[in-house]
Every structure is written in C-alpha cells, then in structure tokens.
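Please model the entire structure based on the sequences and the hints provided.
First residue of the sequence shown? That's 0 in numbering that gives the first Met the number 0, and the numbers climb one at a time after it.
Derived by calculation from the structure, the hints in this document are not laboratory data. Note that the structure is predicted; figures quoted are calculated from it, not measured. Among the hints, erroneous ones may be present.
Subject to a maximum C-alpha distance of 25 Å in a straight line, what follows is the list of computed BS3-like cross-link-like pairs (lysine-lysine) [claimed, not checked]:
hint : residue 1 : residue 2
1    : 518       : 448
2    : 217       : 394
3    : 206       : 340
4    : 394       : 360
5    : 462       : 433
6    : 401       : 374
7    : 354       : 374
8    : 354       : 394
9    : 448       : 462
10   : 462       : 374
11   : 394       : 340
12   : 458       : 518
13   : 217       : 258
14   : 448       : 340
15   : 462       : 341
16   : 458       : 448
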Amino acid sequence: MSPSMFLHVLLAMVVVPCAWSAVTLRQVSSVYLPHGFEFDGTPLYAMGDHGAVEQITYDARNHHIYTVGDATILNIIDIRYPSAPRVVFRQYLPGRATDIDSCGNYIAVALQAEPITRPGTVAIYEMYDPVNNDLRLIHTIQVGPLPDMLKFTKDCRKLVTCNEGEPANTESGDIVDPEGSATIIEFSSGFLANEIEPIVRTATFHKFEQHAYRYQAKGLRWLFPEVTHGPENNTRVTRFSLSQSLEPEYLAFSHNETKAYVVLQENNAIAVLDMETASFEEIYPLGSKYWGTASLDTSDEDGGINLREWPIYSMFQPDGMKSFTHRDRHYILTANEGDNKKIQIGGERFTDIVKGRDIMKDSLLGADFTSTRVKRALSDETELACTHFSAYDGKDRWNHEKFSALHAFGGRGFSVWDAEDLSLVWDSGDDAEKMISNYHPDIFNSYYKESALDKDIRKNFDKSSCKKGPETEAVAIGSVGDQTVLFVANERSSTIMLYTLPDTDLISPVFQSIYWPGKLTGTWREAYESRTVGDVDPEDLRFVSSEDSPNGRPLLLVAGTVSGTVSVYEVYDDTDVTASAGLVLPGILTTYLTAIALTVYTVQ
0 MSPSMFLHVL LAMVVVPCAW SAVTLRQVSS VYLPHGFEFD GTPLYAMGDH GAVEQITYDA
60 RNHHIYTVGD ATILNIIDIR YPSAPRVVFR QYLPGRATDI DSCGNYIAVA LQAEPITRPG
120 TVAIYEMYDP VNNDLRLIHT IQVGPLPDML KFTKDCRKLV TCNEGEPANT ESGDIVDPEG
180 SATIIEFSSG FLANEIEPIV RTATFHKFEQ HAYRYQAKGL RWLFPEVTHG PENNTRVTRF
240 SLSQSLEPEY LAFSHNETKA YVVLQENNAI AVLDMETASF EEIYPLGSKY WGTASLDTSD
300 EDGGINLREW PIYSMFQPDG MKSFTHRDRH YILTANEGDN KKIQIGGERF TDIVKGRDIM
360 KDSLLGADFT STRVKRALSD ETELACTHFS AYDGKDRWNH EKFSALHAFG GRGFSVWDAE
420 DLSLVWDSGD DAEKMISNYH PDIFNSYYKE SALDKDIRKN FDKSSCKKGP ETEAVAIGSV
480 GDQTVLFVAN ERSSTIMLYT LPDTDLISPV FQSIYWPGKL TGTWREAYES RTVGDVDPED
540 LRFVSSEDSP NGRPLLLVAG TVSGTVSVYE VYDDTDVTAS AGLVLPGILT TYLTAIALTV
600 YTVQ
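The structure is reproduced here in structure tokens:
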C-alpha cells in the first residue's frame, strides 16, 4: 500500500463523528437558471456552455442577487430567505453580457458588440423597483471593444471597464485585432440618474510601444508580433503592435482607489492605471513559477493522479483578483488560471502552444537545456509529451528558435503580491492539486465537455492535467468573526478552497477546508436533472458579510457557469461538528494525519 493510499484509508477512518476547528462552507440553496425560453414561455434548461450565468453582484439593501451571462438574460434572485431563493425579475439585454457590478442604487452591465471587435457598451440601470416591477435604464455608454470586466469605486462616481480587445475574423477571413484599453466613466456625483452626460476617458498602451522590446525582455508576453502566412510561393507577413497584444482581463482598486490594478492575463502581467489621469503608468511582468520544488500532474495518459516535481516553469497568468489590506500593508490576491492565445489568418491557425512531444520531434531544445530527465519525459505520453508549453517563453539566448527552459500555462493556484511594486509575497505552490487529490480525487483536474454529458462524471477525471491543471479561476476575501478568510475557486474540479490569514506581519495563508457540493453518482445529465451537479465552473464568487446578510450569517455566493447555477453558502467557523461529504479537515490536522500515515507506512 502506498503512502497516499494509506493516508486515504486513515482519513476515511477519522472522518466519522470528529471535532475540530476550521472555517467551512454549508450549502443553503441553489437556483438553476434557464438559458432561454420557448415561444410559449417555457424555460430552457441545459448543462453546458449556454451562458445562463457567468457573473453576479449583490444588492445588500434588498437582498437581491443580479446575474448576467452570454445568454443575454439579466436575472434578479431574492434571497431574503436564503434557503428559499426565488427569481423575482428577468429582462433580456441588448447584447451578450460579460460582467455586472452594483453601487448604491445602481447596477452596471458590460455588453460586448457583434462583432466583438467593435466598441462595447456599458448599460447603467436603477436598482429593481418591485412596486412597478421595473428595471429602468438611465445610461448607455460606449467603451472599448469587448469590455470583459467592470467595477465601481466605493462612492459610485467612477466606473472602470477592462476592454480586452480580442481578435476576430471578418467574413472574408481577414483578422481584426483591436487594441486593449481601459475606460474610466466619471460622474459628477453619486446620483447617477441626475447626470446628463458623464465624462468618458480611455487609457491606452501607446506610450509603451517605443519600449516594447525592453518590456518583452523583462518578461512581458508580446504575442504574435508578426505572423508569416499564406502559400509558400506567396507568403505575407501580418504584424501586431504591443497595444493589440495586450488584453486587459480583470481589475482591482488600490486601498485609496487612486489606482487600478489591471490583469493582462495572456501577457502574464499586471498594469497599473492612474485613476486621476486615466493613463497606464506602468506594466509589471509577473515572471514564472518553478516546479522543481513543487509537484504537478502533467499528463492525462498516466492512469491516475501523479504529482511530480519537474525542473520546468509555468506562467502565473491570473484571471480573478482582489486587493486587500493586512496589518496596514496593501496586497493583491490573484487566481492564477492561465490562458493561451489562438488566432486565424486567411484560414491558417496560429497558437502560442507547443506540446512536449513536438518539442522533441522538432529538436527545439537548445544547448543550454541540460535536464536529461525532462528530455526523456517529453517523449513519454505519461509524463510531459502531452503537456502544453509556451511557444514564446524560455527561448535560448543564442538561438531564438530553441528553448533553454520550458514554461507551461497558469500557476495552478493562487498568489499574494505586494501592491506597491507587484513583487511576489506568497504562492500556494502545489496546494490546489494536492488538496483536490487528497479529498476529491474522483474529480481531480476534471474537464467537462458537451460530449461528456451522458458519461459518468468520473470519466472526466484528469482531463485537464496536460493543459492548465485545476485552472484556479476566482477569489474572494471576507471577515468571519475575527478572521480574514480567502476563498479560492478552481474551475476544472469546481471546488472552493478556504484559507485564513494569521494576524502576523508575515503573509502565510493557512488551509482550512475544501468544498465540493456535487454528487458522483451517475452521468452529468443525471446529476444536472436531479439538481445535484454542484456549481460547475465557478466563474464568480461574492462574499456577503454578516452585516449585509439576510440571516445575519456571512455568506458566499457562487456562480457556476457550466451548471447555470447561483448558490448560497453559509461561511462558519466550525468548532464542533460532524464531518460531512462536502468539506474536509483543516490544514493543521491534515498535516498531523499525514505525518502519522507516513510514519506508520515507514515502520511497515
């Protein structure tokens, strides 16, 4: 019996009536949202990428959750009684919604254009009026292409959008790649309905163009600066500027809201936006994470969970982020999902991915690459052959066609950064994959696809290991009693990890529990139809403090995009409770039990 198997047996023995102290989740309710309606008004429900919900916001005064998604439907869910939520209002939107935020008596919705390369729109509404059953539109404001995220300042006077500017193809096959940007919408007061025309300013990356190669040398990923395409006897070169390559994804404000931190996910960087001048003042490449001292699973062909240390790297590439203050110092918390980029020009496809097997087949390792173990593994499907590596990073200094180091996509966890200089303060290492493998191994690095709808849920096990692993997607921060709690959602396994921050100067989050509300019985379709599928692909998390909660208890709101669900969870400090299927032991007890398991195993 292996040490890990022995640990599972030991855990099974102790996860019976047992007391411990940990911050955990308790599911209160879930609402399954339709992605559309028949002509007769019959709602259409389905598991998969149908856009029923992606992002949410919370109105604390009325205890309403507002939801939007690709399906162009805005839903309002009343959680005055959290165990009995009900949809009280629905409205079709004039386009596909990418985000929603609220402030005071207003909500703002980001809408992409068709095609997505055209300027997007922000629609601002007054909060839902239950007396007149109305959601009144008060402003429609043009912003940059594909506004992927938006956020109000606390006084409601400023609203910032991240305009991702993703490329798309015309009907003739030509590519259009808009520049990435951020838009600041400024109102003269917090009474937005009284405003005739707000001030709209757009921040671009033009000033960085003349220093593009310097930033690239510092680690900023300038993808596809030029692409050669067409038949061999008539090739063409299409060039893309740095501004076109930079794609703002997500934002968080500084503690005093004088700056906004803007994630450039594909570019593996964070840009700092000056809120006063509406200009980007700096771009900070985030660097890479070394896996020679931490373990990851890099193959879906290895027959199971195989966490190994490899002398390779991966890029952090955050998606969701939050800023916070701890003991008078300011930090940024990021969910390091990872992302790659694909474009198409004239029918030809280009990507920044190169698989391990192709690195060896095409002899792409440079003279400086010395690890014989990695060289062998790149030809082994159970090790690194299927792993997705960056085709742009880690190039040999003498021959830029070859690699001196290999970089995978995504940090497979979460990180804390110093808000002053964006230096790395703390990283979760291999916690995400280890915790999932220990406590929910049947959904380890799971990867739901439409083709799997009628297959056993366990069949999707390990499918994302070659790519980005757990794809840590979203984060939230809140206070539970006198503790600061970090909530971290993993997209692929649909799990939520909880950590606390000790009240010390040293930032060192402590694992508390990991939660998965789904059931493993049957197929995905059966689990969905029986309403036991959980929150598949948790894209958004919102913490609700006990002061803003309808029942006086802190809550976590979760949007499951693939399941089309919005769920309410109570967050509590569990000081004396019987273990349940969804939650697990806190870090200190896990460490203790692991030590026992390894000691007993060694004695054997």
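Okay, the hints, checked on the actual structure:
1. 518 to 448: holds (18 Å)
2. 217 to 394: Holds, because 13 Å separates the two Cα atoms, which is no more than 25 Å.
3. 206 to 340: Status holds; Cα separation ~24 Å.
4. 394 to 360: Holds, at about 17 Å.
5. 462 to 433: holds (16 Å)
6. 401 to 374: holds (14 Å)
7. 354 to 374: Cα-Cα ~13 Å, so holds.
8. 354 to 394: Measuring from Cα to Cα gives roughly 15 Å; hence the hint holds.
9. 448 to 462: holds (10 Å)
10. 462 to 374: Within the cut-off at roughly 23 Å; holds.
11. 394 to 340: holds (18 Å)
12. 458 to 518: Holds, at roughly 14 Å.
13. 217 to 258: holds (23 Å)
14. 448 to 340: holds (20 Å)
15. 462 to 341: Answer holds: residue 462 to residue 341 is near 20 Å, not above 25 Å.
16. 458 to 448: holds (11 Å)
The earlier numbered hints are all upheld by this structure, with none contradicted.
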